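Student: Following the hints, position chain B against chain A.
Number of protein chains: 2
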Amino acid sequence: MEKYYLSYSEIHKTLKKLAGQIKASGFEFDVIVAIGTGGFIPARILKTFLNKPILTVGITYYDSNNQPMEAPRKVQWIDEVEKRLTGKKILLVDEVDDSRVTLEYCLRELLSYNPEKIGVAVLHNKRKEKRGTLPEQVEHYFVGRELADRWICYPWDAEDIDLHESMV
Amino acid sequence: MEKYYLSYSEIHKTLKKLAGQIKASGFEFDVIVAIGTGGFIPARILKTFLNKPILTVGITYYDSNNQPMEAPRKVQWIDEVEKRLTGKKILLVDEVDDSRVTLEYCLRELLSYNPEKIGVAVLHNKRKEKRGTLPEQVEHYFVGRELADRWICYPWDAEDIDLHESMV
Numbered sequence: 280m281e282k283y284y285l286s287y288s289e290i291h292k293t294l295k296k297l298a299g300q301i302k303a304s305g306f307e308f309d310v311i312v313a314i315g316t317g318g319f320i321p322a323r324i325l326k327t328f329l330n331k332p333i334l335t336v337g338i339t340y341y342d343s344n345n346q347p348m349e350a351p352r353k354v355q356w357i358d359e360v361e362k363r364l365t366g367k368k369i370l371l372v373d374e375v376d377d378s379r380v381t382l383e384y385c386l387r388e389l390l391s392y393n394p395e396k397i398g399v400a401v402l403h404n405k406r407k408e409k410r411g412t413l414p415e416q417v418e419h420y421f422v423g424r425e426l427a428d429r430w431i432c433y434p435w436d437a438e439d440i441d442l443h444e445s446m447v
Numbered sequence: 280m281e282k283y284y285l286s287y288s289e290i291h292k293t294l295k296k297l298a299g300q301i302k303a304s305g306f307e308f309d310v311i312v313a314i315g316t317g318g319f320i321p322a323r324i325l326k327t328f329l330n331k332p333i334l335t336v337g338i339t340y341y342d343s344n345n346q347p348m349e350a351p352r353k354v355q356w357i358d359e360v361e362k363r364l365t366g367k368k369i370l371l372v373d374e375v376d377d378s379r380v381t382l383e384y385c386l387r388e389l390l391s392y393n394p395e396k397i398g399v400a401v402l403h404n405k406r407k408e409k410r411g412t413l414p415e416q417v418e419h420y421f422v423g424r425e426l427a428d429r430w431i432c433y434p435w436d437a438e439d440i441d442l443h444e445s446m447v
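Protein sequences, first through last, are from chains A and B. According to my numbering, the first sequence is numbered sequentially starting from 280. According to my numbering, the second sequence is numbered sequentially starting from 280.
To be clear, the hints were calculated from the coordinates, so they are not data collected in a lab. As the structure is a computational prediction, the values presented were derived from the model and not from experiment.
Identical copies look the same in the list; a pair holds intra-copy or inter-copy alike.
SDA-like cross-link-like pairs, simulated, lysine to any residue; straight-line CA separation at most 25 angstroms:
(1) Lys331 - Trp430
(2) Lys296 - Asp439
(3) Lys295 - Met446
(4) Lys409 - Gln346
(5) Lys396 - Gly411
(6) Lys295 - Asp441
(7) Lys367 - Tyr392
One chain only, chain A, in its complex shape (with noise of 0.2 angstroms):
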């Protein structure tokens, strides 16, 4: 199978575009809320761009061998913020809408908060069909780049950095 090869400034491109289409949008937000440890690399360099804070919840969805579990499992969650997101406005950031098990996971745990409104951006969305759904308060949806179903070899993954930029 064909992979994605992408390098950091590749990705950095891709954000500094997200975030103009966020901008453009009118959708303003109080806070970014990162999806771990994928989205805290999109999340940060996103921030540049949008200079809003950035809370981060961890979720696992995959096994030490790489498989998909049963269902996403909470690594970390927002402690004493999770009051304050009541009434705030959202975007949950992560890098790759893939299944959107995820994505719908995480979205339906922030929707109980009750925040004033929710967007999602993702770096990337596989045109795939999704097991999972976006819930309808979802007010927003941006995605930085379309791909194809294929392995996404992302940098901060290498084990050579060189080696991978020669591959992008």
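Tutor: Quick look at chain B alone, frame taken from chain A:
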């Protein structure tokens, strides 16, 4: 003042080297605690080489004018997980050891949960007089790269990544 412009790929290599130092030291740990937002990207790249879960804490020490505040302030802390830190071995990760105030603050907070061991890994250390101190319980202090006391321009803060990379 001369500034350091650092590329993603240089930083990725520094973190690979840092991970090698940590492994070679024999320091074993259960969990990475990343100080956000600066530590998010270093911690996520370190995870590629160290393969441990990441928890995050959000600390802010600079106001909107980039001036240090009186004391660091929590943006997010560790919730139900905090009890799980008791008896655990922690590697605390941040991007830069500058004044050491944020590091000391985080270390003292984490030590209050009585972890079994705690070590620190920073991508960069600035060689300068420190206002904070490392508590004596800190068993290891790992540095990816030592730098003089200059402004560090991280690639994730670049408005224009091509321009940034051309300055490296």
